[in-house]
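Sequence order for the protein chains is B and R. Heads up: the first sequence begins at 1 in the working numbering, then just goes up one per residue. Heads up: the second sequence begins at 238 in the working numbering, then just goes up one per residue.
Using C-beta positions, here's what the derived DEER-type ranges look like:
1. R/ARG469 / B/LEU171: 39 to 47 Å
2. B/GLY39 / R/ARG255: 34 to 42 Å
3. B/VAL36 / R/LEU291: 25 to 33 Å
4. B/LEU190 / R/SER369: 17 to 25 Å
5. R/GLU241 / B/SER228: 54 to 62 Å
6. R/THR256 / B/TYR229: 48 to 56 Å
7. B/GLY139 / R/THR422: 44 to 52 Å
8. R/ASP450 / B/SER228: 54 to 62 Å
Source of the hints: derived by calculation from the structure; they are not laboratory data. In this text the structure is predicted, and so the values were computed from the model without any measurement. C-beta atoms are modelled at their ideal positions from N, C-alpha and C, and glycine is treated no differently.
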Amino acid sequence: MDLLTVPFMRNVMLAGVLVALGLAPLSVYVVLRRIVFVGAAVAEISSAGVALAILFNLEPFPVALILTILTFLGFSRAADNPRLPLEALIGMLYAGGSAAAVLLIAKSPRGEGDILNVLFGNILTVPLPLLWMMVIAFGVVAAIQYLAAKEFLIVAYDPDMARALGIRVELWNTLFYVALGGSLRAAFVLATVIGVVATVVGIAGSYWLDLPTGPTIVGILAVLFGLSYLWAATRRA
Amino acid sequence: MPAELLRARGVALGYGGRTVLRNLDFTIERGDFLGVMGPNGSGKTTLLRAMLGLIKPLAGTMEWVAQNGGPPRIGYVPQRERLDPNFPLSALEVAVMGRFGKLGAMRRAGRADVEIALGCLTRVGMDRHAHSPYRSLSGGQQQRVLIARALAGEPDALLLDEPTNGMDIEAERAIMELLLDLQQTNATTILFVTHLLSAIQNFARRVALITRDGSLLIGPKGEILAPQSLARAYTEEI
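Can you build the whole structure from these sequences, using the hints too?
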């Protein structure tokens, strides 16, 4: 475990595990609601927020967070419009966020190195203050997921039934999108375990094999998906 | 005289400025067993959605009549096909959803709620399948689970959208007999929407027929299924 003696690697490991713990259960709904590219859209909007912060010499994390939350407050409203397909809306957010980030960076006084960091980020550069902000943010997200589990379930599964029961579908949808930033319970547990394991193994593997960390984690997840797909296919046969 | 449960006066319903149903004046009584029929696209589901409060009338008023100081509790059974089969839910997890309206915001279902949902699954003959994946059940079994879900909310009335759609005659009969039993044993008001004449003819006590001009004929089965009434809804002779 010599990698944990390197200070920045401890931060990396903690940040990765926090992301996996906070977001893995939400990812179950993201898949079930068929809005998987919402994650890419979130990343672009948040990139635009960081670019905006750099342009005006502000702290990037809060600006990105506020811009992302405001955008997804609007998104949850527009998502209720039956005439506007969700994929189209997510596509527009992705393209709009990406364009905004590039345009803002073009006017930024800082150089190309910043541009790459803004667009792709780097899990290895997580500083301690940011780690504390992540603890708070993902703690809030995890608490919302636990407390609002039944609301998230029914508004995703049967919104008409939810309305008939007097549950405020628009409100909970808004909270869901903002929080994005074997039952079903088994799926939540499994998603969280897989997320944490892939993150830890990915960070350790990237350290020992001298590979880029983010792609290593995603690569492990892709391999796990392939294996689980094959396993399910074998069981069906 | 039976007590009123739902009262509609001068109601017009539609979407996006287009009126589908107009001049609706009717009453549903407690303990009723009412079948709503009409041609495809005539507005059957629109009427049901208005009753559930999912759409607002373009004109007029539609109101559930309070009794014992509170509004009646309504159980909704949607069309099975509308629910996403990819959700990895067990039959019991689906049935427990019927309790969600009784819990406050951000309160999780407890043991008592699970017991009630299990009781409802037993009531519809699905207790043996409580832990089976909902998506692995047959159409008739899924329908029973959805009825159990609605019953878990302890409703005064059940509103069902095409409850026997896609079923063979035997499964249709089993579901309709279950509804009849609920109405007779628990005095639950049953209102079901269907395009299947057989379900109406064999089981409904009263019938609401949506005509071609968007009005509603409502009355005893014998009266509404008479050829002169049916001719106002269907171009083909039935």
